[in-house]
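Heads up: the sequence lines are chains A and B, in that order.
The first sequence runs 154 to 284 under our numbering.
The second sequence runs 154 to 284 under our numbering.
Since the hints were made in silico from the structure, they are not lab data.
On a predicted model such as this, the values are computed, not experimentally measured, just so you know.
Don't take every hint at face value.
Said to hold, decoys possible - Partial pick of chain A residues on the chain B-facing surface, computed with a CB cut under 8 Å: (1) Phe157; (2) Val159; (3) Gln177; (4) Pro237; (5) Pro239; (6) Ala256; (7) Ala259.
What the hints assert, rightly or not - Computed from the model, here is a short list of chain B residues facing chain A with C-beta under 10 Å: (8) Gly161; (9) Gln174; (10) Met181; (11) Asn203; (12) Pro204; (13) Asp262.
C-beta atoms are modelled at their ideal positions from N, C-alpha and C, and glycine is treated no differently.
Protein chains: 2
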Amino acid sequence: MISFRVDGRSGVPAYLQIVQQVRQALRMGALDMGDQLPSVREVVAAVVVNPNTVLKAYRELEREGLVEARAGAGTFVRARPPGPPPSTYSPLGRSLARWVSEARSAGLDDEAIESLLQLTLRAAHLREGIA
Amino acid sequence: MISFRVDGRSGVPAYLQIVQQVRQALRMGALDMGDQLPSVREVVAAVVVNPNTVLKAYRELEREGLVEARAGAGTFVRARPPGPPPSTYSPLGRSLARWVSEARSAGLDDEAIESLLQLTLRAAHLREGIA
């Protein structure tokens with residue numbers, strides 16, 4: 154079953170971190186059709202987060218059509234977000250891990266790495282004219 | 154002079170986006186000692202953001218010792234954040250740009266790319282025992 158991490162320093166609201174982690178698990182195949190999400194109680198026991206935060210995340214995922222709540226049973230995956238199949242991610246993940254290892258060896262911390270990605274994505278958009 | 158981008162969909166508070174962009178410009182050498190930051194008025198004219206948001210960002214940067222406000226003159230860079238020299242960033246930026254280009258060709262959108270980086274950073278931390 155998926156487990157969540159909530160980083161209080163990232164600036165991203167906790168509910169949105171949970172939403173993004175479910176979406177990414179679906180993209181990468183770590184979660185699949187019919188899989189059950191942990192109950193609110195289980196999430197709250199594992200992560201320092203308010204029950205309402207988890208509910209808000211699950212409601213957002215339901216609104217997007219990715220999960221459905223079944224009364225008395227729990228919350229289950231009903232669709233994958235659009236995008237390439239999970240098999241796409243392994244080779245990209247491996248090459249990104251090599252790059253991250255190089256960047257960290259050069260002394261970049263997480264914020265420097267994340268900021269460099271932001272700049273790189275923005276440059277890619279500008280080149281494609283979809284800034 | 155540095156120009157800011159504020160992405161309302163990222164979930165990261167606008168003031169923090171400005172803080173991070175100044176820090177990254179300092180790391181990469183796009184901003185250097187003595188350089189002047191745009192005035193609050195200039196930022197507000199260029200980006201859809203509240204003057205108080207810009208003030209909050211500049212105050213945070215001042216608190217970190219990276220910039221100083223000079224009465225009647227403006228806000229100026231007074232230090233770089235810790236980390237490797239700006240020359241470190243060019244080769245890493247180029248290799249990251251190649252990776253991003255590959256990921257986008259494979260169909261990954263920005264959120265998928267950013268989430269993959271989060272997972273990769275977390276895996277790197279876990280390997281080093283500093284999760």
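For each hint, the structure was consulted:
Annotation: interface hint on Phe157/A violated; nearest CB of chain B at approximately 12 Å, more than 8 Å. Hint status for Val159/A relative to chain B: violated, with the closest Cβ pair at about 12 Å, above 8 Å. Interface restraint check: Gln177/A against chain B, minimum CB-CB distance 4 Å, threshold 8 Å, status holds. For Pro237/A, the interface hint holds, the least distance from its beta-carbon to any beta-carbon of chain B being 4 Å, beneath 8 Å.
Hint status for Pro239/A relative to chain B: violated, with the closest Cβ pair at about 11 Å, above 8 Å. A distance limit of 8 Å between C-beta atoms decides the matter here; for Ala256/A the minimum to chain B is near 5 Å, and the interface restraint holds. A least Cβ separation of about 5 Å between Ala259/A and chain B falls short of the 8 Å threshold, and the interface hint therefore holds. About 13 Å separates the beta-carbon of Gly161/B from the nearest beta-carbon of chain A, more than 10 Å, and the hint is not met.
The beta carbon of Gln174/B is positioned within 10 Å of a beta carbon in chain A (closest approach about 7 Å), and the interface hint is therefore held. The restraint placing Met181/B at the interface with chain A holds, with a minimum CB-CB distance near 8 Å, inside the 10 Å limit. For the restraint placing Asn203/B at the interface with chain A, the shortest Cβ-Cβ distance is roughly 17 Å, beyond the 10 Å limit, so the hint is violated. Residue-level restraint check for Pro204/B is violated (minimum Cβ-Cβ distance to chain A is 20 Å; threshold 10 Å).
At about 7 Å, the closest approach between the beta carbon of Asp262/B and any beta carbon in chain A falls short of 10 Å, and the interface hint on this residue holds.
When held up to the earlier numbered hints, the structure conflicts with 1, 2, 5, 8, 11 and 12 and fits the remainder.
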